[in-house]
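> Chain order of the listed sequences is Y and H.
Numbering-wise, this note's numbering comes out as the position in the first sequence, counting from 1, plus 385.
Numbering-wise, this note's numbering comes out as the position in the second sequence, counting from 1, plus 385.
Accuracy of the hints is not assured; some may be wrong.
Same chains, same label: a pair holds when it works inside one copy or across any pair of copies.
[Unchecked claim] Using 25 Å as the maximum straight-line C-alpha spacing, the simulated SDA-like pairs for lysine to any residue come out as follows: (1) Lys533 <-> Glu419; (2) Lys434 <-> Pro521; (3) Lys633 <-> Leu648; (4) Lys681 <-> Pro476; (5) Lys487 <-> Arg680; (6) Lys627 <-> Glu496; (7) Lys633 <-> Asp617; (8) Lys397 <-> Ala522; (9) Lys584 <-> Ile639; (10) Lys584 <-> Thr554; (11) Lys651 <-> Asp449; (12) Lys666 <-> Gly432; (13) Lys681 <-> Ala614; (14) Lys633 <-> Leu586; (15) Lys533 <-> Glu520; (16) Lys533 <-> Ser413; (17) Lys493 <-> Arg653; (18) Lys627 <-> Glu404; (19) Lys397 <-> Ile639.
If you're looking for bench data, these hints aren't it; they were derived computationally from the structure.
Here the structure is a predicted model, which is why all the values come from computation and not from measurement.
There are 2 protein chains.
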Amino acid sequence: MTTAPMFEDWMKSVQVAMEQALLQYLPSVQQTPERLHEAMHYAVLDGGKRVRPLLVHAAGALFDADETELARAAVAVEMIHAYSLVHDDMPCMDDDALRRGKPTVHVKYDEACALLVGDALQSQAFDVLADGRLEPARQLSMVRLLAKASGSLGMCGGQAIDLASVGLTLSLEELEQMHTLKTGALLRVSVLLGALAGKQLSENEIAALDQYSSAIGLAFQVVDDVLDATADSATLGKTAGKDAADNKPTYVSILGLAQSQALAEKLRMEAHRALEQFGDKARRLRELADLIVQRKA
Amino acid sequence: MTTAPMFEDWMKSVQVAMEQALLQYLPSVQQTPERLHEAMHYAVLDGGKRVRPLLVHAAGALFDADETELARAAVAVEMIHAYSLVHDDMPCMDDDALRRGKPTVHVKYDEACALLVGDALQSQAFDVLADGRLEPARQLSMVRLLAKASGSLGMCGGQAIDLASVGLTLSLEELEQMHTLKTGALLRVSVLLGALAGKQLSENEIAALDQYSSAIGLAFQVVDDVLDATADSATLGKTAGKDAADNKPTYVSILGLAQSQALAEKLRMEAHRALEQFGDKARRLRELADLIVQRKA
Numbered sequence: 386m387t388t389a390p391m392f393e394d395w396m397k398s399v400q401v402a403m404e405q406a407l408l409q410y411l412p413s414v415q416q417t418p419e420r421l422h423e424a425m426h427y428a429v430l431d432g433g434k435r436v437r438p439l440l441v442h443a444a445g446a447l448f449d450a451d452e453t454e455l456a457r458a459a460v461a462v463e464m465i466h467a468y469s470l471v472h473d474d475m476p477c478m479d480d481d482a483l484r485r486g487k488p489t490v491h492v493k494y495d496e497a498c499a500l501l502v503g504d505a506l507q508s509q510a511f512d513v514l515a516d517g518r519l520e521p522a523r524q525l526s527m528v529r530l531l532a533k534a535s536g537s538l539g540m541c542g543g544q545a546i547d548l549a550s551v552g553l554t555l556s557l558e559e560l561e562q563m564h565t566l567k568t569g570a571l572l573r574v575s576v577l578l579g580a581l582a583g584k585q586l587s588e589n590e591i592a593a594l595d596q597y598s599s600a601i602g603l604a605f606q607v608v609d610d611v612l613d614a615t616a617d618s619a620t621l622g623k624t625a626g627k628d629a630a631d632n633k634p635t636y637v638s639i640l641g642l643a644q645s646q647a648l649a650e651k652l653r654m655e656a657h658r659a660l661e662q663f664g665d666k667a668r669r670l671r672e673l674a675d676l677i678v679q680r681k682a
Numbered sequence: 386m387t388t389a390p391m392f393e394d395w396m397k398s399v400q401v402a403m404e405q406a407l408l409q410y411l412p413s414v415q416q417t418p419e420r421l422h423e424a425m426h427y428a429v430l431d432g433g434k435r436v437r438p439l440l441v442h443a444a445g446a447l448f449d450a451d452e453t454e455l456a457r458a459a460v461a462v463e464m465i466h467a468y469s470l471v472h473d474d475m476p477c478m479d480d481d482a483l484r485r486g487k488p489t490v491h492v493k494y495d496e497a498c499a500l501l502v503g504d505a506l507q508s509q510a511f512d513v514l515a516d517g518r519l520e521p522a523r524q525l526s527m528v529r530l531l532a533k534a535s536g537s538l539g540m541c542g543g544q545a546i547d548l549a550s551v552g553l554t555l556s557l558e559e560l561e562q563m564h565t566l567k568t569g570a571l572l573r574v575s576v577l578l579g580a581l582a583g584k585q586l587s588e589n590e591i592a593a594l595d596q597y598s599s600a601i602g603l604a605f606q607v608v609d610d611v612l613d614a615t616a617d618s619a620t621l622g623k624t625a626g627k628d629a630a631d632n633k634p635t636y637v638s639i640l641g642l643a644q645s646q647a648l649a650e651k652l653r654m655e656a657h658r659a660l661e662q663f664g665d666k667a668r669r670l671r672e673l674a675d676l677i678v679q680r681k682a
C-alpha cells in the first residue's frame, strides 16, 4: 500500500493537471475568431487556486471516480466560475481593473470582448459537461445541477441580490442568503459533480455533502471578508478594502473581525463533522475545509 | 382525415402555445431575486415572431415529435436567442435603446441587470433542455448541439467577428461566414432539435436539414439587410438604417438592393429543394422559408 501524498503535493498535482485539462477543452487560439479565443484563454488559464476543481477531485475521491470524468466536471465548473469573474469585473458590475494580479479581461481587451468571453465560456462549460462518458441519465442530471447552480436561483441570483444590497443594512440572515447563492451554489455543485462522477448518490450522501458544502461555502465568504479587511492588494492579487470602499455589507461590517474569525473556525468544524460517515476517503475534503479557512489570500 | 390548418393559423397557434411554455419554464417573478426574474420575463415574453420556435415545431412535424418535448426544445432555443439580444443591445455592443418596439432591458432596468438577465437566461436554457424526457443519450446530444451553436464556434463567435468587422470591407464570403455563425448556427440548431425530438437522425437526414438551414439562415440575413435599408423603425420595431449608420458591411452594401433581393429568392428555392425527400410532412418548413424571405419586418 502506498502512502497518500501530502496535501500540498496533491493540491499542486491537481492544479497542474487542471491547467492541461482547461487547455484541452478550450477552443484553440488558432481557430476563428482568434481574438475571442485568445481572450477566453486569458480569462481561464494561469489563474487562482482552483478551489472548485480541487473540491471536484476531493469529492471524487470518496467514490473512486474516474480521473477523466472528474477533470471534465472540474473544467465545466471552473469555466462557469471564470465567466462569472469576467462579467463581475466589468464596469457595469464591480468595475475592477485587477484580477489574480493581472488586468481584467475588459481592460486587457475591451468590454464587448469581455461580454462575449463570458457568454462563450458558459456555453463551453455545458458543452464539455454534456460530452461526458458516464451513464447518460446521470450525466444529464449533472448538466441540470450545473445549470441550476449557475442561474437565477444560484450564482446569477446571488449577484443580483449583491448588487441590490450596496448601501443597505443587511441582517446576518440576508447576508448569508446572498452568499449561499452567489458563491455557495457553485461550491456545492463542485462537490456534488465530483461525487456523481463516482456513482449515483443516495439521499443520505447528498445531505451530508450539502452540509459540508454549505459550511465551507459560508466559511469561504467569511474568510474573504476578513481578508478584504486585513490583507493588502499585492497579497490578494485583487483590490483590497474594496467592500468597505463600495459600502458593501460584509461579515466583518456586521459581526466585527474577531467574531468573524470565530465563525469561520466554527464552520470549519461543522464541515469536518459532516464528513464523518465517509471515513478516510474524505481526507482531501477535510484538508480543503482547513485550507479555505486558514488561507492568507 | 382532417385538413391541416392554414399556415397563418398554425403559426398563430404555435406562438400562443410558446408564450405559455416560456412562462412555464421561466422562474416565477414571485421568487427571489424578484427584480431579476421580472427583467427575465420582460426580455423573453411578448416578443418577436418566434422564428426559432416555429422552426423547432415545423421540423418536429417531420417525424411526429411529441409536443411537450418540442415546446421544451423551442423554449431552450428562444431563451438563448433572447439572452443574445439583451447582451447585443448593451452599450458596449450595439448600444440599442429599442427592441421589438419596447425599451431594451438595460434601458428599462440597468446595465448590470441586463448582463445578469442574459447570463441567467443562458443557464436556464440548458436547465430546461437537460430536463427533457427523451432517451437520455439523445437528450444529451441535444444539449451539446445547443451549446455548440451558442458558443465561440457558433453565435458568440459570429458576434465577435461582427464587432471586429465594423468599418472594414468584407468580401461576400467573409460576410457569409460571419452570418453563418451569428444567426445561422441558432437557426440550424432549431431545425435539428425539432427533428431530434422526433427520432434519432440519419446522416442523410442531417445533411438535408443542414442544407435547408443554411439556405434559410443566409436568406434570413439577406432579408434583414434589405429591410434595414428599406423599412422604417416603426414597422421593424427596432432602429432602421442602423447598419449604414454604424458603417457595417451588409448584403445591400456589397451586392446592392436588387441583387440582394434576387439572392434571397434563390435561397428560398434552395431551401425548398433540400426538403424534397420529406414530402408533405415538410410543409411547415417550406412555408417558413417563404415567410423568412417574404416578410416585411
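> Indicate, hint by hint, whether the structure satisfies it.
Verification of the hints:
no.: 1; hint: Lys533 <-> Glu419; verdict: between (31 Å within a copy, 17 Å between copies)
no.: 2; hint: Lys434 <-> Pro521; verdict: neither (31 Å within a copy, 35 Å between copies)
no.: 3; hint: Lys633 <-> Leu648; verdict: within (19 Å within a copy, 56 Å between copies)
no.: 4; hint: Lys681 <-> Pro476; verdict: neither (28 Å within a copy, 38 Å between copies)
no.: 5; hint: Lys487 <-> Arg680; verdict: within (20 Å within a copy, 49 Å between copies)
no.: 6; hint: Lys627 <-> Glu496; verdict: both (21 Å within a copy, 21 Å between copies)
no.: 7; hint: Lys633 <-> Asp617; verdict: within (18 Å within a copy, 46 Å between copies)
no.: 8; hint: Lys397 <-> Ala522; verdict: neither (33 Å within a copy, 35 Å between copies)
no.: 9; hint: Lys584 <-> Ile639; verdict: neither (41 Å within a copy, 57 Å between copies)
no.: 10; hint: Lys584 <-> Thr554; verdict: neither (43 Å within a copy, 55 Å between copies)
no.: 11; hint: Lys651 <-> Asp449; verdict: neither (29 Å within a copy, 58 Å between copies)
no.: 12; hint: Lys666 <-> Gly432; verdict: neither (28 Å within a copy, 52 Å between copies)
no.: 13; hint: Lys681 <-> Ala614; verdict: within (12 Å within a copy, 59 Å between copies)
no.: 14; hint: Lys633 <-> Leu586; verdict: neither (38 Å within a copy, 53 Å between copies)
no.: 15; hint: Lys533 <-> Glu520; verdict: both (20 Å within a copy, 21 Å between copies)
no.: 16; hint: Lys533 <-> Ser413; verdict: between (28 Å within a copy, 14 Å between copies)
no.: 17; hint: Lys493 <-> Arg653; verdict: neither (37 Å within a copy, 43 Å between copies)
no.: 18; hint: Lys627 <-> Glu404; verdict: neither (29 Å within a copy, 43 Å between copies)
no.: 19; hint: Lys397 <-> Ile639; verdict: neither (36 Å within a copy, 55 Å between copies)
Hint compliance for this structure: hints 2, 4, 8, 9, 10, 11, 12, 14, 17, 18, 19 are not met, and every other hint is.
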